[in-house]
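For the protein sequence lines, the chains are A and B, in the order given. So the first sequence is numbered by my numbering: it starts at 1 and just counts up by one. So the second sequence is numbered by my numbering: it starts at 1 and just counts up by one.
Hint data in this document are derived by calculation from the structure and do not stem from the laboratory. You can trust all of the hints, since none of them are fake.
Quick list of the computed label-pair ranges, beta carbon to beta carbon: (1) His39(B) <-> Glu71(A): 42 to 50 Å; (2) Gln108(B) <-> Glu95(A): 28 to 36 Å; (3) Thr109(A) <-> Val75(B): 52 to 60 Å; (4) Lys29(B) <-> Ile184(A): 54 to 62 Å.
Within a straight-line C-alpha distance of at most 20 Å, the following computed EDC-like cross-link-like pairs (lysine to aspartate or glutamate) qualify: (5) Lys19(B) <-> Glu95(A); (6) Lys19(A) <-> Glu95(B); (7) Lys28(A) <-> Asp182(A); (8) Lys67(B) <-> Asp46(B); (9) Lys18(B) <-> Glu105(B).
Heads up, the beta-carbon is just placed ideally off N, CA and C, and yes, glycines get one too.
The primary structure of each chain is shown beneath.
2 protein chains.
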Amino acid sequence: MQTTSITSPTNERYKRWKKLADTPRTSKKLGVTLAEGIHLAQVIRDSEARVVSIVLRETGASAEAVKLAGELADVKDARVFTVSGALYDAICPVEHGVGLTVEFETIQTPRPHVPVRADVLYLDGVQDAGNMGTLIRTAVAAGVRYIAASSGSAGLWSPKVMRAGMGAHFGATLFENVTPRDLIDMFDARRLAADARGGSDLFRSTGWDEGPTVWMMGAEGPGLSDAALQVADARYLIPIEASCESLNVGAAAAVCLFEQRRRRLLRGE
Amino acid sequence: MQTTSITSPTNERYKRWKKLADTPRTSKKLGVTLAEGIHLAQVIRDSEARVVSIVLRETGASAEAVKLAGELADVKDARVFTVSGALYDAICPVEHGVGLTVEFETIQTPRPHVPVRADVLYLDGVQDAGNMGTLIRTAVAAGVRYIAASSGSAGLWSPKVMRAGMGAHFGATLFENVTPRDLIDMFDARRLAADARGGSDLFRSTGWDEGPTVWMMGAEGPGLSDAALQVADARYLIPIEASCESLNVGAAAAVCLFEQRRRRLLRGE
Chain A
1 MQTTSITSPT NERYKRWKKL ADTPRTSKKL GVTLAEGIHL AQVIRDSEAR
51 VVSIVLRETG ASAEAVKLAG ELADVKDARV FTVSGALYDA ICPVEHGVGL
101 TVEFETIQTP RPHVPVRADV LYLDGVQDAG NMGTLIRTAV AAGVRYIAAS
151 SGSAGLWSPK VMRAGMGAHF GATLFENVTP RDLIDMFDAR RLAADARGGS
201 DLFRSTGWDE GPTVWMMGAE GPGLSDAALQ VADARYLIPI EASCESLNVG
251 AAAAVCLFEQ RRRRLLRGE
Chain B
1 MQTTSITSPT NERYKRWKKL ADTPRTSKKL GVTLAEGIHL AQVIRDSEAR
51 VVSIVLRETG ASAEAVKLAG ELADVKDARV FTVSGALYDA ICPVEHGVGL
101 TVEFETIQTP RPHVPVRADV LYLDGVQDAG NMGTLIRTAV AAGVRYIAAS
151 SGSAGLWSPK VMRAGMGAHF GATLFENVTP RDLIDMFDAR RLAADARGGS
201 DLFRSTGWDE GPTVWMMGAE GPGLSDAALQ VADARYLIPI EASCESLNVG
251 AAAAVCLFEQ RRRRLLRGE
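Using the sequences provided together with the hints, build the complete structure.
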């Protein structure tokens, strides 16, 4: 395996990695992102994603990581770069990485011209990267394969979201910078607002799970924006204990999407 | 309000805070922890918790934070310490804190002599602090007010878990260092294992939600320990899409605990 050593933090390529690691919005702007670890590298190897660079930690990279770097270089026709431990750790989203990071082009799907009849998870102003990744993973596990996020949300492809998503990104179709109004043109599905402030009881209401849905979830604290509530066909609340303020957005999405899945599975769908 | 200024990082009290902030297990060992922010400080003010110190950032603390520090000092008969921005930020679990941190004694409930008939969430080797806090919050929201964790789990009271728990700690009874076998003596409830590797379909199985339960959740990756599986009365799996490996533990707990809640609410319990 041929490798190129990068020794200076002022190298243009390294500077891009550093920016991707430090500023979550960079992946949105540049259309590339970073993924660390064996599992993500394997998923990327087996996906359609175009790989830009493969980064190996000069010291401490596991034998498995080195082998995988070689495979990726072959399969994806990409160059392998080695960097010092200090340079590597400065772009690594976790404390003890395996020493293998892949820079790849984020998958940009053109918006549909004709509204798609499919289940969707819509994230309205969700800014926490860990939550965001878990949300993508939960949606895909629940059989919801379209995920759309507002411009005020964290970048769906930012390195930290990639990390928390554990590869679920490649099982979903993702759209960024989607306004609540865009949802009407993009998806032929009922728009359901998860709203801790009011609405019908999720568990006691019937009918909402028939046909495709867009579940809309807001950030903790502010909840859904007015623009999102305006396009909602209905509002639902999860009946939590009165003494609690609200659920974490990841937990709320798990409850709504798996209640939808439960109803459909029991109907034999 | 009388305040004492701490200017040196070698001050004994400051060293304790630093250790609490840096090493998650310290809260377990010392029986004290730190909570940052307005919301947590309010919850602590209104709780039975004994406050050891109140820490104010010398610069940048909001007027609300300063007012609350004074209230806490009165209500809890505790001293207020001021520290420089640099010293404060080094013990603050978030990037932009409000400048108010409370050091308080973690609430240690003696283990029951007679098994308690109650719903429980048991965490077996869950090490991620953010997940842990969300799990406590989800349990309390679902009406599950006993939470027990194995010795291999993150400290339930560590500063990062406090942060993610958003005050739910004070609505629950928490037990640490609980082995799966201890559960038998502590709780008169059926022990249900959430196991991604096998078991009955959570949604299609009936009966498990009748009477109190101990839901046992394992860490991602390893799942439940053999010791936990050995004391389980039954194993259940959440029917996720075949292409997915597993759910995040927080999402899995949300699905199980709210399916339990749904069934009981619909029965009118």
